[in-house]
Amino acid sequence: MMMVLSDILLLNLMRGLRLLKNKEFCVSNFYLIGNYLNSQEKLVVKALTEDDCIEVFELANDFYTFFNTHRNTNFAVTELSSVFYAKQNSIPLVTHCEKLADFAKTFNIVVYEIDTALKVINVEQERINFLNSMKIV
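Numbers 13 to 149, taken from my numbering, label the letters of the sequence shown in order.
Simulated from the structure, these hints should not be mistaken for lab results. Ideal Cβ positions, reconstructed from N, Cα and C, are used throughout, including at glycine. Heads up, some of the hints might be wrong.
Pair by pair, the computed Cβ-Cβ distance ranges are [unchecked claim]: (1) T118 to N41: 22 to 28 Å; (2) M13 to N47: 27 to 33 Å; (3) N134 to V68: 22 to 28 Å; (4) G46 to T128: 18 to 24 Å; (5) E53 to T81: 27 to 33 Å; (6) D74 to K35: 21 to 27 Å; (7) V132 to K54: 34 to 40 Å.
Below are the PhoX-like pairs computed for lysine-lysine, each with C-alpha atoms no more than 25 Å apart in a straight line [what the hints assert, rightly or not]: (8) K33 to K54; (9) K35 to K58; (10) K33 to K58; (11) K99 to K117; (12) K111 to K131; (13) K117 to K54; (14) K33 to K111; (15) K99 to K111; (16) K33 to K131; (17) K35 to K54; (18) K117 to K131; (19) K99 to K131; (20) K117 to K58; (21) K99 to K35.
Please take these sequences and the hints and turn them into a complete structure.
Here it is, written out as structure tokens:
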């Protein structure tokens, strides 16, 4: 099952715990543009993509209609693109941000916290607990 990961900073933690495989998570290509990530973080995303651990998605022009409609919601383009992609593909969105989760739910998108998302892909509870002990969010 594929899920949209909107909390890009979790990638490094998940990578270290070898929780990324089989393209179960995808992230917006907007994270690779501009100053969202530093150059090292961008290299990590590219390496994970090349190793088929994650998928980086791009959006067509129809996204910009959605973006222009919701640009005053105080969400970054990365967050809006994650919601749009989840909506467009009927896949869950993974986020810890309650405001983004509430926004996504208005489009009938299934929203998971990272713990639940990892349970869905059958990650052992020990590893989930370890990830939770390391997160700084």
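Against the structure, the hints:
1. T118 to N41: 22 to 28 Å: Hint holds: Cβ distance 24 Å, inside 22 to 28 Å.
2. M13 to N47: 27 to 33 Å: holds, 32 Å
3. N134 to V68: 22 to 28 Å: The hinted range 22 to 28 Å holds for N134 and V68, with Cβ atoms some 24 Å apart.
4. G46 to T128: 18 to 24 Å: Taking Cβ atoms as reference, G46 and T128 lie about 30 Å apart, which means the hint is violated.
5. E53 to T81: 27 to 33 Å: holds, 30 Å
6. D74 to K35: 21 to 27 Å: The hint (21 to 27 Å, Cβ to Cβ) holds, given that D74 and K35 are roughly 23 Å apart.
7. V132 to K54: 34 to 40 Å: 28 Å Cβ-Cβ, so the 34 to 40 Å window is violated.
8. K33 to K54: The hint holds at about 18 Å.
9. K35 to K58: holds, 13 Å
10. K33 to K58: The given pair, whose Cα atoms are some 14 Å apart, holds under the 25 Å limit.
11. K99 to K117: holds, 10 Å
12. K111 to K131: holds, 23 Å
13. K117 to K54: violated, 29 Å
14. K33 to K111: violated, 28 Å
15. K99 to K111: Roughly 16 Å between the alpha carbons, so the hint for K99 and K111 holds.
16. K33 to K131: Judged against 25 Å, a Cα distance of about 14 Å means the pair holds.
17. K35 to K54: holds, 17 Å
18. K117 to K131: holds, 20 Å
19. K99 to K131: Roughly 22 Å between the alpha carbons, so the hint for K99 and K131 holds.
20. K117 to K58: violated, 30 Å
21. K99 to K35: Distance of about 18 Å is within 25 Å: holds.
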